[in-house]
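K.L.:
Position chain B with the ligand relative to chain A; hints supplied.
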Amino acid sequence: MAQSFRMKPPMGEDNGWWWQEAAAGRLAIQRCTQCQTLRHPPRPACGECHSFAWDHVTASGRGTLCSFTILHHPQFPGFDYPLIIILVDLEEGTRFTSQLINCAAEDVAFDMAVEMVMHEDPDGFRLPMFQPAKGAAA
Amino acid sequence: MSHALKDKAAIAGIGLTEFSKKSGVSELSLAAQATLAACEDAGLPPSEIDGFVSYTLDSTDEIELARTVGANDLKLFTKVNYGGGAAVGTILHAVMAVATGVADNVICYRAMNGRSGQRMGQGISGQIVSSDLVHWSWYMPYGMLTPGSWIAMIANKYMHRYGVTSEDLGRVAISQRNYAQSNPRSFFYGKPLTMEDYLASKMIAEPLRLYDFCQETDGGCAILVTSAERARDLKQKPAVIRGVVQASTRGQEQMTSYYREELDSLPEMELAARLVYEQSGLGPDDINAACLYDAFTSEIIMQLESFGFCGRGEGVDMVRDGALDIDGRLPNNTHGGLLSEAYIHGMNSIAEGARLVRGTSTSQPEGVEHVLVSSGVGVPTGALILGRD
Ligand SMILES: [Zn+2]
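Which chain is which? The protein sequence lines are A and B, in order. Counting along the first sequence from 1, when you hit position 62 you're at 62 in my numbering, and nothing is skipped either side. Counting along the second sequence from 1, when you hit position 197 you're at 197 in my numbering, and nothing is skipped either side.
Just chain A, same shape as in the assembly (with noise of 0.2 angstroms):
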């Protein structure tokens, strides 16, 4: 098996979940079952109505750029450069911190259509990231 260079996240009772979904493949948003308000990230209790009472829903995977980053120094290894780190406002409500990727880095602009991608590390690790929408104008 490949050695991976990618940090991994520590699983714990809030967190731990949320990547299960992700290695099946999916973009989980955790939902107060009390309320029904969506949150990200996840965390044991409702900030709205202090309920402990949670399940998740399975996002589209579309969203909108809210913000970005391009990234040059420090290069850690494993990771490519110039890495375009982004914002996406996904169309649930929630908003979640990803990679873009199969796009250029002058290409990348605010408010573009961007869609998941679960991407897969060479030793299975599965997180997700997203690329510019598919039929969205460019």
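Be aware that one or more of the hints could be misleading.
[Said to hold, decoys possible] The following label-pair restraints were derived from C-beta to C-beta distances:
#1 G12(A) / G308(B): 36 to 46 angstroms
#2 E366(B) / F110(A): 39 to 49 angstroms
#3 E13(A) / G308(B): 35 to 45 angstroms
#4 S131(B) / K134(A): 32 to 42 angstroms
#5 V102(B) / Q131(A): 56 to 66 angstroms
#6 H73(A) / R320(B): 46 to 56 angstroms
#7 H73(A) / T56(B): 22 to 32 angstroms
#8 L74(B) / V57(A): 44 to 54 angstroms
[Claimed, not checked] Footprint (simulated), chain A over chain B, 3 or more residues, beta carbon under 8 angstroms:
#9 34-41
#10 92-101
#11 140-149
#12 165-179
Keep in mind the hints are simulated off the structure, nothing from the lab. The beta carbon of each residue, even a glycine, is placed where N, CA and C say it ideally should be.
P.N.:
For chain B with the ligand alone, kept in the frame of chain A given last:
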């Protein structure tokens, strides 16, 4: 109504070590040097110190420092969380102790081999699970491993929204570099910066270039807080603490408060502003100079808005008007700041705040009555207003 903390305490002493890229001594030694220098500056024997406050990121335990400098029995020892967000928070804890009689003479300190030792933003991983590590794990697997990458996301959004350009960031960097030319402690002493140099500097995390980043420094800084009354009997002109607050708001994360509706302002800094103005009974018009936290140039422009020196989106106009320069509306970071003097996590900017009130800055503006100092940006933070006695 007078606030319980207003005017009760003062900065009576400031102490700094030499700033370098390789101190060759332990962080405990730096903390001790800074503490003894602060006591010397105030004319107060170290045996009178009965409280220590520092940052959770600081490696030096209060009791180790106490033993090293021969302090008194301790009645206060505490550390404040959130990196540079702790800076003026340490002063708040000291002031609360002094105002209530819990302690008499408190040293706030930060000592770090920030270049030769553990550098900031080196990343973390491992088997331990904590809420803090889980927080970072939403970013680090994607290669967002450094403070620059975290702050760039906000800076880009803000600049896009308000038409702030690279040249505007450069203006902030150059203003502070100009101050550094009068300050021999500064890393960039004798090394001025032109706009051409700035724009040619390496792009690190768009839109931030090398010269938008603060230093990495080995050094220590200590601030001696005592009652305003006692400070008047000591060696230096007291820098009276008119107001000092901590502030964290809804949706707060450390560096990555990305899930708020609006990303182009600093809600925690706006709260700090409101609280510190309320406590001091002062407003932006009363502030003559500032040491706004400057881990990155973009943070200065945003804070001008947070503290009400201008309206939303107008910070850049102030910068273009030269407001930050010595003859401007708000001379800012007259020591060169974290960008150009040294990065002692904001503690050195509190020292400069005291100098500005004493009238002893290496770039001293005319007629300084009140100075505003802020803590780290993008983290739970705080604000401090110092005044002439
Ligand atoms: Zn709820």
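K.L.:
What hint numbers does the structure not satisfy?
P.N.:
The structure conflicts with hints 6, 9, 10 and 12, although it agrees with all the remaining ones.
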